[in-house]
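There are 2 protein chains.
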Amino acid sequence: MKVGELGEDQIVATLIEGLASSQQVLVGPGDDCAVIEAPEGLILLKTDAVVEGIHFLSEENPKRVGWKAVARVLSDFAAMGGVPKELLVTLAISKSSSVAWVKELYEGMAGCLKKHGGVIVGGETTSIPDGSPAMISIAGKGQVQREHLVTRSGGVVGDGIYVTGHLGGSLAGHHLDFNPRIEQAAWLVENVKPSAMMDLSDGLAKDLPRLAKMSGCGFQLQLDALPCREGCSLENALGDGEDYELLFTSESHSELIKGWQRVFPGVRLTKIGELVLEEGQSIPGGWDHFRAEDSSLE
Amino acid sequence: MKVGELGEDQIVATLIEGLASSQQVLVGPGDDCAVIEAPEGLILLKTDAVVEGIHFLSEENPKRVGWKAVARVLSDFAAMGGVPKELLVTLAISKSSSVAWVKELYEGMAGCLKKHGGVIVGGETTSIPDGSPAMISIAGKGQVQREHLVTRSGGVVGDGIYVTGHLGGSLAGHHLDFNPRIEQAAWLVENVKPSAMMDLSDGLAKDLPRLAKMSGCGFQLQLDALPCREGCSLENALGDGEDYELLFTSESHSELIKGWQRVFPGVRLTKIGELVLEEGQSIPGGWDHFRAEDSSLE
Chain A
1 MKVGELGEDQ IVATLIEGLA SSQQVLVGPG DDCAVIEAPE GLILLKTDAV VEGIHFLSEE
61 NPKRVGWKAV ARVLSDFAAM GGVPKELLVT LAISKSSSVA WVKELYEGMA GCLKKHGGVI
121 VGGETTSIPD GSPAMISIAG KGQVQREHLV TRSGGVVGDG IYVTGHLGGS LAGHHLDFNP
181 RIEQAAWLVE NVKPSAMMDL SDGLAKDLPR LAKMSGCGFQ LQLDALPCRE GCSLENALGD
241 GEDYELLFTS ESHSELIKGW QRVFPGVRLT KIGELVLEEG QSIPGGWDHF RAEDSSLE
Chain B
1 MKVGELGEDQ IVATLIEGLA SSQQVLVGPG DDCAVIEAPE GLILLKTDAV VEGIHFLSEE
61 NPKRVGWKAV ARVLSDFAAM GGVPKELLVT LAISKSSSVA WVKELYEGMA GCLKKHGGVI
121 VGGETTSIPD GSPAMISIAG KGQVQREHLV TRSGGVVGDG IYVTGHLGGS LAGHHLDFNP
181 RIEQAAWLVE NVKPSAMMDL SDGLAKDLPR LAKMSGCGFQ LQLDALPCRE GCSLENALGD
241 GEDYELLFTS ESHSELIKGW QRVFPGVRLT KIGELVLEEG QSIPGGWDHF RAEDSSLE
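Protein chains in written order, with my numbering: chain A, 1 to 298; chain B, 1 to 298.
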């Protein structure tokens, strides 16, 4: 069987089977980050790659590509309630790549880290055959206070489902220059204590069922409440992907959105549904790395 | 300018310039691993990738490929005197890859970790265009006791230069099934306290000058002492690369090799030279990821 026939979630599930674990691993594969016990708190580990022709176009400004590569990992730290610490950069490029391109790529990475935290402490540059797509893989260590950790699996029936920002149409530019929601996540874990949280990378249609499933719940989605980006349809908001917004669940209370608006007047927060008892709902749309038939950017 | 004209060490030096650092970063880019301060000791961070057609052939047994991908990272932990803890796996493969191949790859990785320590806690599987070479990138966290840390930069004029095992001819099979020298490194940091250490991945001709330079020394190499693998020439031992043996420096004393032989009778330890005052020697040969003109495996 080909991996394209199996689909991403099933491949991951297959690979996780039979992996050894350790007492220090609090959260293993399947969440936004792995979580490791340490005396001073919890360590977050995450790796994420962008590939030329899939996550960015060859002619794209390398600064924007570098920003995106790093911001995706930071978005995952935010999704656990944490902050970035040290990062490693793996660069797979051909010998004919220009040095100027690589330097600008690093400038983009450094720019994102300067704004949102974290430092590059090493990495590797490896050559690939000419004509192969360039790949930038970022591995990062983050940290989160024990009482602030939020996973995908803590949602409870009756919790409200919330999403930050706007959804859809990321390909117009947002997928390259978004700000990972580090600051917003820090406020949420301090003030709201979400029961479950993740970042939206594959589209709400794909990601919400994942969160609900890991929380052992179903969901009821209020389609007319979705915060569609200007010019975007519901279909865009559900399926385009690469929103890099926070999706979280929490006991609903009227003060939540009011409190948020006082601190983040420029970022929308929207209640889009509720966790319910019956599991197994699905939403048409969303991105699968291996099943997608089109060649649009992810 | 193309990266192929600049060469690997120079590219890394260029990229390191201008990176921010942090107080918690004890060792940044340029050593086998980055070293991060933590209350319970020191954290090692490392990332390393293998690419189809460069580090392994397409028709290679995927179990051996998985073993190699993981063993390379473990070898870097050993080089700092440390042990592996948690690893992340980034797999970039096309949709037409077979699920069986991926499963066997993971079996190989798990086999190496079972023998030498460490667990896989997550990662990512991303699709690349059909026909692009597969890439397996392993990011890992290790740890080392503060008093056991060895870097590349601690060598002192007059120290003996030592190497474990045999050198050269790795392509015949060693590069796929080697055992990272975790156990040997643990014995060395406990009993010998090397002044500097690294693992040999690009060949002695490339790697020894790196260690000497970071220690602010030159070196005198006894070519006739090199432990060439059976059937290998001096040129092979210097330049083939992928030996994954430990290269370290230490005050010379007669008990060192005797003590080693009692504990590791099956693994050779050889004194191959001395650190000297005058810097800047070079040795012909060795592997450069971007300058190599041939297409042999690295």
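Think of the hints as simulated: they come from the structure by calculation, not from any bench.
Please read all numbers here as calculations on a predicted model, not as lab measurements.
Every residue gets a Cβ at the ideal spot worked out from N, C-alpha and C, and that includes glycine.
Please note that the accuracy of each hint is not assured.
Computed list of chain B residues with no C-beta within reach of chain A, every gap over 12 Å [stated by the list, open to error]:
| # | residue |
| --- | --- |
| 1 | K2 |
| 2 | Q10 |
| 3 | S98 |
| 4 | Y106 |
| 5 | D177 |
| 6 | K193 |
| 7 | H253 |
| 8 | T270 |
Chain A regions said to be covered by chain B (calculated; three or more residues, Cβ under 8 Å) [said to hold, decoys possible]:
| # | stretch |
| --- | --- |
| 9 | 44 to 58 |
| 10 | 80 to 91 |
| 11 | 108 to 120 |
| 12 | 216 to 227 |
| 13 | 236 to 247 |
| 14 | 266 to 274 |
Which residues of chain A face chain B? A partial, calculated answer using Cβ under 7 Å [claimed, not checked]:
| # | residue |
| --- | --- |
| 15 | K2 |
| 16 | P29 |
| 17 | A186 |
| 18 | H253 |
| 19 | L256 |
| 20 | I257 |
Taking the shortest Cβ-to-Cβ distance between K2/B and chain A, state whether it exceeds 12 Å. violated, 5 Å
Please confirm whether S98/B is truly not at the interface, meaning its C-beta sits more than 12 Å away from all C-beta atoms of chain A. violated, 6 Å
Closer than 8 Å, Cβ to Cβ, for at least three residues: run that test on the stretch 44 to 58 of chain A against chain B and report holds or violated. holds (count 8)
Chain A versus H253/B - minimum CB to CB distance exceeding 12 Å, so not interface: holds, 33 Å
Was the hint right that H253/A lines chain B, CB cutoff 7 Å? violated, 33 Å
Does the CB of L256/A sit less than 7 Å away from some CB of chain B? Violated - the Cβ of L256/A stays beyond 7 Å from chain B, reaching only about 30 Å at its closest.
Restraint: P29/A near chain B, CB-CB cut 7 Å. Satisfied or not? holds, 4 Å
When the least beta-carbon distance from I257/A to chain B is tested against 7 Å, hint result: Status violated, d = 33 Å.
Taking 8 Å as the C-beta cutoff, is the stated coverage of the stretch 80 to 91 of chain A by chain B satisfied by three or more residues? This one holds; 5 residues, not fewer than the three required, reach chain B with a Cβ under 8 Å.
Are there at least three residues in the stretch 216 to 227 of chain A whose beta carbon sits under 8 Å from a beta carbon of chain B? Our answer is that it is violated, as 0 residues pass the Cβ test (under 8 Å) against chain B, missing three.
Quick check on A186/A please, does its C-beta sit within 7 Å of some C-beta on chain B? violated, 18 Å
Outside-interface status for T270/B - nearest CB in chain A farther than 12 Å: holds, 28 Å
Comparing the model with each earlier hint shows violations of hints 1, 2, 3, 4, 12, 13, 14, 17, 18, 19, 20; every other hint is respected.
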